[in-house]
Each structure stands twice: as C-alpha cells, then as structure tokens.
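There are 2 protein chains.
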Amino acid sequence: MRTIEFKNKPRIISTGTVAGPKECAGIVGEYVDKRLTDDKFGESTYEKAECKMLTYAISKTIENAGVEEKDVDMLISGDLLNQIISASFSARDFDIPFLGVYSACSTMSEGMAIGAGFVNAGYADKIVSATGSHFSSAERQYRYPLELGNTRPPQSQWTVTGAGGVMIGREGSDIAITHATFGRVVDFGITDVNNMGAAMAPAACDTIRAHMKDTGRSVADYDLIVTGDLGALGSRILKDLTWEKGMDIQKNHVDCGEIIYKVVEKEFQGGSGAGCSAVVFNSYIMDKLKKRTLKRVLFVATGALLSTVSSGQGESIPCISHAVAIEVI
Amino acid sequence: MRTIEFKNKPRIISTGTVAGPKECAGIVGEYVDKRLTDDKFGESTYEKAECKMLTYAISKTIENAGVEEKDVDMLISGDLLNQIISASFSARDFDIPFLGVYSACSTMSEGMAIGAGFVNAGYADKIVSATGSHFSSAERQYRYPLELGNTRPPQSQWTVTGAGGVMIGREGSDIAITHATFGRVVDFGITDVNNMGAAMAPAACDTIRAHMKDTGRSVADYDLIVTGDLGALGSRILKDLTWEKGMDIQKNHVDCGEIIYKVVEKEFQGGSGAGCSAVVFNSYIMDKLKKRTLKRVLFVATGALLSTVSSGQGESIPCISHAVAIEVI
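Each protein sequence line maps, in turn, to chains H and D. In case it helps, the working numbering puts the first sequence at residues 5 to 333. In case it helps, the working numbering puts the second sequence at residues 5 to 333.
For the record, the hints were derived by calculation from the structure and aren't laboratory data. Owing to the predicted nature of the structure, the values given are computational and were not obtained by experimental measurement. Don't take every hint at face value.
Copies of the same chain look alike in the list, so a pair counts if it works inside one copy or between any two.
In silico PhoX-like cross-links for lysine-lysine, where the CA-CA straight-line distance does not exceed 25 Å [claimed, not checked]:
1) 217 x 74
2) 249 x 74
3) 292 x 74
4) 26 x 38
Next up, chain H with everything else stripped away, as it sits in the complex:
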C-alpha cells in the first residue's frame, strides 16, 4: 500500500507563481502571478534569480491566501541546484520552520504529499510547499555553460524558468488533496541524460498503476492525469506503457512539459525542471479547478534522480514519481 487517504481532506488555499519570458509566451502566460521580462529578475547571477523567483512564489502564495507569514506553520521546499540552495536561501527570508526535500522534478508533488499529510494529521494548520528551476542555472550545473553554444539533441527538453508555491490548510477552499501515492525508484537503464522523458515515463506508469490499485479507482475517474515533465516523447512512452498495463490514458492525460511551450518544435520535447510542473499546476491547472472545468485531477510529478557525477561514473538514471489526487469537494 503506497497510498495514503487523507480523511480530513486538506485544502489547497492558494497558489503563487512566477515564470520567465519564454514560458510566459506559452500556455502559462495568462495565469501566473508574475511574468518576468528579464530572466535574471534583476539579480547578478542565474542562481540568485532562481532563489528570488522561489522567494516570490512563497510570498505570493502567502499573500494570495490573505494571511501573514506568522500564520504559516511550515515551509516545505527543494530545488535542482546542488544542496538545494534556492530553497535554503529562500527559507532564510522567512521565519517559518523549514523542511528541505529533494525529489528532482517531482519535488512539487512530494512537498504537497508531505504537507497534506502533516495538515491531515493535525500537525499544522497551514503549510506552504514550493519549488522552482531556472534554465540557465540548470544548464551550467547539469550540462554546459551557455556561452559554449552547444547543440541540443532532438530528444532534449528545456528547463523551465519559473517557480510555484501552494498553501495547504485545514480549511479555506473547496479544492482538496484527497490522496497521496508515494513513488518507488524505477530504473529502466536509460543512460542518455538528454532523454529524461524516456527515463521517467516508467516511474510515472508505476505510480499511476499503484494509485489505481490502492484506491480502487480507474483512469476514467479522473478528468485529468497530469504528469510533471515527461515532455512530448516521454508522454507518448507513458501512454504506451500504461496501455500495456491495461490502462488507457489517451483521452485524459496531459504532460506539463509537453504543453508549457506553445511551439514545441523549437523547444524539442518541451519543458522540464522542478519549476515546470510547479508553474503549470499552480497556475493553469488550478485555474481550471477553480472554474470547475476540471473536478478531479491526479497530479503525477516525475523526477530523474541523477547527478553529473553519477552519469560521469557510468550510472543509469533512477527515476521516481509521487502522485497527489486533487478534487473539488
């Protein structure tokens, strides 16, 4: 049993989002709280810009809830930078107990799952979970300095510049987190660090399958099954893998990475990064939940648990996916 049912139905009270210029030209542009015109956000380094975006997302989440910093019992955050410095340095700006988490690009759903678990258990009234990423800090940490102008292979994705936060509380809205399904590490032996979609799709499939088995639900019970950042190719692979396991997600599956950029061709397989699902879920998807266009969503963020050292030492890419079920009640 990998799924927890939250009997007290912790609510999503508010969200806060910010995205870069490239992202705002795409689907999230009209839904985010802040559209950056400068991808350095006025800072001197990309790392500082990433941290500032995350701090903004946390602050905006608190502001959008109509509460104050002192009302928030816990901050749960992590990011892709080494030693999750964006999260740690953001947390320094808030007088709120901080839990650092790391689950690569599934950090958003891991944070939501822990947050909902703590609120459901009565440990906290209000928790903010947040994450983000930045294209340029990710490129230079994981790949090459931008200045080299390296070519990108067709299966690659574009790390999203953006951050998103969500406040989970005991009451205050009619959108609830009803379940969390925790992922196992799944490794299909993919070693191509430019092909994250193929590496992560099996983890998403494993978690979706566990969720359906544990809850007795079927794919049709969800208006939408939204994965994190598999991209266009990874999304196709997931559809195949789930089909093989007897689940047809063709009609109600979208991937945040696939839809975030309008012109997918130019960004190859689409978006990735912890900020991808954080921004898309907390702006675009939440808007649909608020408007009742969507009433029940399974949010399945996916993470590739590699590092430059593990890849350099010849290791394959272990992946994970944590899911949370969200419902208008």
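Chain H is already provided as a structure; the job is to place chain D on it using the hints.
Leaving out everything else, chain D in the frame of chain H:
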C-alpha cells in the same frame, strides 16, 4: 509552535550502522554493526562506497528489526552529495516507496521527524530513515581533491565516513520518539566554510530553545542533549549561546562531532557530515538508551545549508537544526 507531540509514541525498533576505519578507531568502533577496514568498501569510487554504506545501513536496520523489506512502508533518506545520489541510488535497490530529503547534516533528525510523524498519524507501520557521508567524496565535492594535499585550518572538521539507519514503527520496542521540533533557517553571517561549528551553533540554540518553550520542559528534563556535528569549537559556542538565553546545558550536552574521534587534536574540531550524527546516535547513543544509562535524550542534528556555488558567490552560510525527543517509556 514548532513542536509536534506524538501521542501514539512511535517506537525506534532497530538501527543499522557502518563506519570507516578512522571512525572505528574512535568511540563508535565497538557499537557499529560493521567496521570497514577499506574505506572504499570494495568499490571503485568514493561515491559508490558512500552509496554502498548507506545501502548496508538500510539493509542492516531491516535485518536487525527481524522483518523483511516488504514489511517496510517507506524509506526516507538524503545525503550530502549533489542531488542526493547516495540516497537515490540506494533506494533503487529497495522495493520501498522513497521520500528524498535534504537538510545537510541534520538529515538524520529531519528524516526521523517525518518518519515519526507518518507513523504517529497511522500512515505507515514501519519506516526506515537513513543517511550517511564519506570523507573523500565530501572533500572532493565541497573542498579540494585529496591528491592536492591541501592544509586544513584549525577550525575545520573531518567529514565522517559512515552511515546509519533507524526503523520507526508503531510498536516493537520501549524506546519512543515523543516530540519533533522543526528548525528555522538561521544565518549569523558566517562565511568561513571551514568553520561550520560556529555557523551551526546558533541554529541548534534556536531549536533547543523552541523545544523547551513549546514543551514546557527544561534542560534538566533531559539526561542528554546531543547535537549533530558542531565539533569541539561549535559545542563551546552552543554552550555560551544557550547560557546567554538562560539555559545551562554544560552538564548534559555532548556533540557527536566532538566525541566521535578519540584524538580530537588530530582531527581538529572533530567530525562532521550527515554520517556523523547518524552513526553516533544509531550506535553509541542507542546502546545507552537500550541499557537505560540514558532514559530521555534530545537529539538535535545540525546542518549547514551551503553549496560551493553559494559560497563562491559570496553568500554566508544559512544553517538549520531539527530536534527529536527520544525516551524510554
């Protein structure tokens, strides 16, 4: 309120520990499950050795509990390597849902706090929390390659080669986790990356103070207040800081980093690293709890949330400390 009281008193069922040759010459030598004679643990790289130690600690924790892998509901783990690859690659070897966490050298107590919270809430029957570190992988990631033979300043500490795991469950022992106090990020402006003790001591002080305030307990209510890896200097600073705040911890405070090596002079201020408190708590301190030499312990692991990038960009060192209260009931 930063403290959760666990009404159902989740128990510490078992622990599993492994330590390197240098560590085993010190205080933990006679208590760990495995004493390494080769600090590469038969692997080709230090990173792989670190991962193997962590995997060993998790396996041994499960074995020492007399249960099997399938009986464990969740694994909570993190480490100091970029993107917590030791934890992620260890988790790949187990068919157990995995929560990745990062809190630098306070990862052990963060993992115990989340684990106890989940067990207390009835989300899980048995959870393993584990972490570890390796001197040589930490040196080359955070400082310099060993081959350079750089000199060490007198205020520096020695990253512990070792790993420790703990199983938390609903029943099965009379040693319980009764409270968790979550840390806030505290930054006193220290920028010397060789002086972690001075950077982390204020975070430990802040969490100890919050714990006493929230629980209505005093320092004298504990047989021992054991911090993570402040080292000899950091421990002295903590004693001063707590004294200033009206708490006298002179008589019942020890620091895992200060005590792990017998010859502190040679290791400067003592041990550090996520493995330091993980090994000392799960072997030496747990032995004292089992023998009733200690009956109530406040375990306050401490973490410095820096990275080479943040330090390189001139940032100071934000620190955090999470505490768990452990009691023979």
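Going through the hints against the structure:
no., hint, in the structure
1, 217 x 74, "between (40 Å within a copy, 17 Å between copies)"
2, 249 x 74, "between (47 Å within a copy, 23 Å between copies)"
3, 292 x 74, "neither (30 Å within a copy, 39 Å between copies)"
4, 26 x 38, "within (13 Å within a copy, 53 Å between copies)"
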